[in-house]
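4 protein chains.
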Amino acid sequence: MHRIAQIGAGRMGAVHLANAARNPRLEVVWLVDPRPDAQAIAASAGARIASVDQVLADASIEGVVVASSTDTHLALVKACLAAGKAVFCEKPLDLSLASVLAAEPELGHPKTPLFVAFNRHFDPQVRGLRAKIAAGEIGDLETLQVISHDPAPPPANFIPTSGGLFKDFAIHDLDMACWLMPDPIIEVFAWASCLVDPAIAKAGDVDTARTLLRDARGRLCSISNTRRSGCGYDQRVEAFGSTGMASAGDLVTDSVQVWREAGPQTAPRHKDFISRYAKAYSAEIDHFADMLAGAAQPETGYADSVRSLRLAEAAAHSVAIGAPVRLQGT
Amino acid sequence: MHRIAQIGAGRMGAVHLANAARNPRLEVVWLVDPRPDAQAIAASAGARIASVDQVLADASIEGVVVASSTDTHLALVKACLAAGKAVFCEKPLDLSLASVLAAEPELGHPKTPLFVAFNRHFDPQVRGLRAKIAAGEIGDLETLQVISHDPAPPPANFIPTSGGLFKDFAIHDLDMACWLMPDPIIEVFAWASCLVDPAIAKAGDVDTARTLLRDARGRLCSISNTRRSGCGYDQRVEAFGSTGMASAGDLVTDSVQVWREAGPQTAPRHKDFISRYAKAYSAEIDHFADMLAGAAQPETGYADSVRSLRLAEAAAHSVAIGAPVRLQGT
Amino acid sequence: MHRIAQIGAGRMGAVHLANAARNPRLEVVWLVDPRPDAQAIAASAGARIASVDQVLADASIEGVVVASSTDTHLALVKACLAAGKAVFCEKPLDLSLASVLAAEPELGHPKTPLFVAFNRHFDPQVRGLRAKIAAGEIGDLETLQVISHDPAPPPANFIPTSGGLFKDFAIHDLDMACWLMPDPIIEVFAWASCLVDPAIAKAGDVDTARTLLRDARGRLCSISNTRRSGCGYDQRVEAFGSTGMASAGDLVTDSVQVWREAGPQTAPRHKDFISRYAKAYSAEIDHFADMLAGAAQPETGYADSVRSLRLAEAAAHSVAIGAPVRLQGT
Amino acid sequence: MHRIAQIGAGRMGAVHLANAARNPRLEVVWLVDPRPDAQAIAASAGARIASVDQVLADASIEGVVVASSTDTHLALVKACLAAGKAVFCEKPLDLSLASVLAAEPELGHPKTPLFVAFNRHFDPQVRGLRAKIAAGEIGDLETLQVISHDPAPPPANFIPTSGGLFKDFAIHDLDMACWLMPDPIIEVFAWASCLVDPAIAKAGDVDTARTLLRDARGRLCSISNTRRSGCGYDQRVEAFGSTGMASAGDLVTDSVQVWREAGPQTAPRHKDFISRYAKAYSAEIDHFADMLAGAAQPETGYADSVRSLRLAEAAAHSVAIGAPVRLQGT
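First to last, the sequence lines map onto chains B, E, A and Z. Per our numbering, the very first residue in the first sequence carries number 1; after that it's consecutive. Per our numbering, the very first residue in the second sequence carries number 1; after that it's consecutive. Per our numbering, the very first residue in the third sequence carries number 1; after that it's consecutive. Per our numbering, the very first residue in the fourth sequence carries number 1; after that it's consecutive.
These aren't lab readings, by the way, just hints derived from the structure by calculation. Where hints are given, some of them may not hold.
So the derived list for chain B, only partly shown, Cβ under 8 Å to chain E, looks like this [said to hold, decoys possible]: (1) 230; (2) 231; (3) 232; (4) 259; (5) 260; (6) 261; (7) 262; (8) 263; (9) 264; (10) 265; (11) 266; (12) 267; (13) 268.
Below, a list of computed lysine-lysine pairs in the DSS-like style, where the Cα atoms sit at most 25 Å apart [said to hold, decoys possible]: (14) Z:279 - E:271; (15) A:279 - B:279; (16) E:279 - Z:271; (17) A:279 - B:271.
Every value quoted in this text rests on a predicted model; they were computed, and no experiment measured them. Idealized CB from N, CA, C, for every residue including glycine.
With the sequences and hints as input, model every part of the structure.
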């Protein structure tokens, strides 16, 4: 049993905490969280409340799950690494590419593992798709098509601190595209609109976008994003290759159907990312346990954070200038 | 162009007439039908009205489509064969097995082709399934599962002349089972109820049944019939073999889907046999054209009629006695 | 945390033990099992090894999971109930209806809960189907169609102690049919063959069956069983009603597809009951925790055991005599 | 019966000729085509060979199907309209927008119907999708996603006369997008590559593209094109609205499935546009018969030709300049 601590027990924090508590290889010793009911939350995982300093000072703690608010990630990750802890950081490291790049000395090649959790890499559907591509089942990959639609927009007051559609939401798709495509992306083009909620426009953001990516070979990727699908959490990828296509489809909640005169009614998609990516989140924690056991290096980390953030900023910039944006250094 | 005549322009007759009119190898010369609007119906196919005697006397007529009421089939088929015409007879030859057996001298080995049209044999779905089985794609066939559900019951006044559920409706499934299974059926068991419409019970018939068939090797087939599905024309077959299963699924009307919170709504099944088996009916007429051209022997004929009628009578008898019925001569 | 013990850590026992260990409301204190590696297995769940007597004598133990070999179930269940423990008994209580009936005084109305775990009742697919039926979405239920095919036959040396196809395997389908149908089954008919493996016939059993059930109203159910599908664990139910149909379909392992010239290849079914019914097994343990918390009565117990065993014996008897079997007392 | 003539009996011409011959309201009197076997082709439709002048001079001819090579369309359409014939012109009117615009005096508001056949408008899938959108089933349409992939590239020697990927192939998708979206497109962006066949690049064309369209409201459409799918003719549309999504999916050839250990194999997509859009082509001819009967105005004509050609030229221009192209006059 590896002893770990967790910082932050908000929405994603609660998911990680429960998964860690159920993981037979992990023991959650400490929870750091200021909220009034933190003690009860900690107890549900068999943990107790502590301060960040206490966690850092506890030499028995091998790893820390950082799931606090985004603006605290960088500082906490640095402190944990400095204290010799392995780190599981909920994405993103930070909303500013500049800040993340400035942290390269501490985060670029840490002595203990730094795992930045991008959930798509741990989703069995996306992994299965990637395996099919890697096995050559569609020949050479030529283009990608990503549908990534949220069921419903976040509260309007979240928008100003979200980093915007591309950094907050599309970043998952940008990260996944990089993971699936064989060569680096060199150019980005995006159009975006506010069609879902005028409050989002008022907050300076967009809610609907189409983003195109291109690599040096001319391979193309298009990404469709909207903050509101009206029909559940729509998460699909299609990969088109020289000898066929492969896809990772949506998950629906069950296999029950009802047929009447009008036709069949089948099960809906999952309602949110917590249920849709439940297996991915559980696998992330298990991957962290592997790291603590010395059995794995982080599958996603600092470099992925930089890469996806750079693409997100480029996409937002493309929307602003109405033209393609070539990536620096490519 | 082969010159043909058609007798009867009721529901199925209209289907055959239109298909024959569209077939580039057939010319419908005569239609025999007493209904007031028969002349207009004939004209729509480029034909004219005639009597049966005129048709039989017209030496230029190579083939006759018999689509009149069932009780006239046997006599008309005999007369047409006697006149040297090839015959396309809508199934069944007759509702009485005894009568059909009595007609063996004339119908058993006719000099001109006698095609009794069992539509399942010409349905691309069932043919495709049979081809998969024949190609060994599921190893040795072991059991069959047939779903054959009508969308809605026929008018109650049709029931007394229908021959009953087994001869009128299940006969298609019995015929198909014989066609798909490698060895002869030796025993039949059936349970049936009246759950759909009490008027059917009052007319002495049943509307819901489960029929089991067995061959000497122990292979099994089950057939589900109901006169009313509430969800379109449900026509499916599953074949289970030693190395897998193959199935012929329902056809739906289109590929349009609508997804909302509750899940997707996809297209309904076909509403009746005329649209569901449209390709089969068209292929039947084309098969008849092949016969007239000397390019084919009837795929289904007298022997299939006897075999399926025998099974239908056995199933009805099983219901009556509440026990399995062993087939005579097996 | 409710303190429990478990007896037996074989194939199903391992599943229950892991689920209990992960359940936040249960603490597995003791494991009773004679196998050499029992101590390691116990440790994986945070438990220690004990004898049955020690378990019964430990007043702090509220419940016992009985997952030992079938022939020990009845005696262990009686002992646990006598000791005032709540019992989770892996099905079946016993392979002999007579023995189960003889245990009625102790098991019929126990003071502490007796939960006999029939997994279909806890499968989200079957529960979802039942809820649709109960909500009237298909009108009045008229007939049921059950497909229940194992991926591959058990080892031949298991057959003689299995109780035979109907008690060992079809019993799940018989139980489910009773649960889904609104009125009691009054009559059973079955045909069975040995098509999969001659060793099964040599052991006196069959491997392929079609079973029909009938209630007093004339509602019908057909069940298809085979010991070997060649295509994964095939577990489907279709319910046909007066206004439509509802079904619980197979679960496949993922949503990944590969399309090539020949068409799409999609994911296979689950390979065994452990993965196919993983959620059901987990829900069973959670249901047991509810009982220990006083929040639930067993959804399935002694009466369900009697009912399904009676049907299984009737089906086997029907095969033996080649005729329908009317249930006693109906 | 309306008497018509047809000019051109190539690949599409053969489709239209057969459909016209089968249409009960049309009589194909003349075929104009120089190929050696033209007489036999004409005879298969019950027609005879004539020159263009003979057709124009035959006052009994009400309509002409123009299916000759694209470079002859404009002149023939003008001549037919001048002779008072209704015209069915296979798309496109011409490969040059300038030439089409120059023909506005004769073609813009002709006295007899000018039907330019865009097959998507007559495909039951696309029509069904459009009807769902029009019925408000997905609320307000916000974005569109079009997949339009050819099974295999055309012969390399066709490329130089094809007009290029956008005018030859994507034009169908551009036309459909305009038909489905509520407001005019005001801006186009496209990236394109040559990934399929270097011979296509050598001929100055591309074979793979992603095109984005935008209207004044900010609604977006993305189109995916490739000359080679490796998996049949992939033709899908997804429409995302404020309350859900609707889609028109691919058609597969049949409903037969084979399941083995690896999972199910289901039927492939259609292999080419002739079988995929068979119903659309038949409906086009029927629509023409409606026009001749005075019962319909052309659903697609000159204005649609101009609109889609303008978009195709804008998309190609966007590729050339690497920037979005704003449409003139918008």
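Now for the hints, and whether the structure bears them out:
1. Checking residue 230 (chain B) against chain E by beta carbon gives a least distance of about 6 Å; that is within 8 Å, so the hint holds.
2. Because the closest C-beta pair between residue 231 (chain B) and chain E is about 4 Å apart, less than 8 Å, the hint holds.
3. Interface hint status for residue 232 (chain B): upheld, as the beta-carbon distance to the closest one in chain E is roughly 7 Å, under 8 Å.
4. At about 4 Å, the closest approach between the beta carbon of residue 259 (chain B) and any beta carbon in chain E falls short of 8 Å, and the interface hint on this residue holds.
5. At its closest, the beta carbon of residue 260 (chain B) sits 5 Å from a beta carbon of chain E; the interface hint therefore holds under the 8 Å criterion.
6. Restraint check, residue 261 (chain B) versus chain E: the minimum CB separation of about 6 Å is within 8 Å; hint holds.
7. For residue 262 (chain B), the suggested interface contact is upheld, since its CB lies about 6 Å from the closest CB of chain E, less than 8 Å.
8. Taking 8 Å as the C-beta cut-off, the interface hint given for residue 263 (chain B) holds, the closest approach to chain E being about 4 Å.
9. A distance limit of 8 Å between C-beta atoms decides the matter here; for residue 264 (chain B) the minimum to chain E is near 6 Å, and the interface restraint holds.
10. This hint holds: residue 265 (chain B) has a C-beta 6 Å from the nearest C-beta of chain E, less than the 8 Å allowed.
11. Restraint check, residue 266 (chain B) versus chain E: the minimum CB separation of about 5 Å is within 8 Å; hint holds.
12. The beta carbon of residue 267 (chain B) comes within 5 Å of a beta carbon in chain E, closer than 8 Å, and the hint placing it at the interface holds.
13. This hint holds: residue 268 (chain B) has a C-beta 4 Å from the nearest C-beta of chain E, less than the 8 Å allowed.
14. At most 25 Å may separate the alpha-carbon atoms for a hinted pair to count; residue 279 (chain Z) and residue 271 (chain E) meet this at roughly 19 Å.
15. A threshold of 25 Å between alpha carbons decides the hint, and for residue 279 (chain A) with residue 279 (chain B) the separation of about 13 Å falls inside it, so the pair holds.
16. Proximity of residue 279 (chain E) to residue 271 (chain Z) is assessed by CA-CA distance (about 19 Å); at most 25 Å being required, the pair is judged to hold.
17. Taking the CA atoms of residue 279 (chain A) and residue 271 (chain B), the gap is near 19 Å; set against the 25 Å cutoff, the hint holds.
The structure fails none of the hints (numbered hints given earlier).
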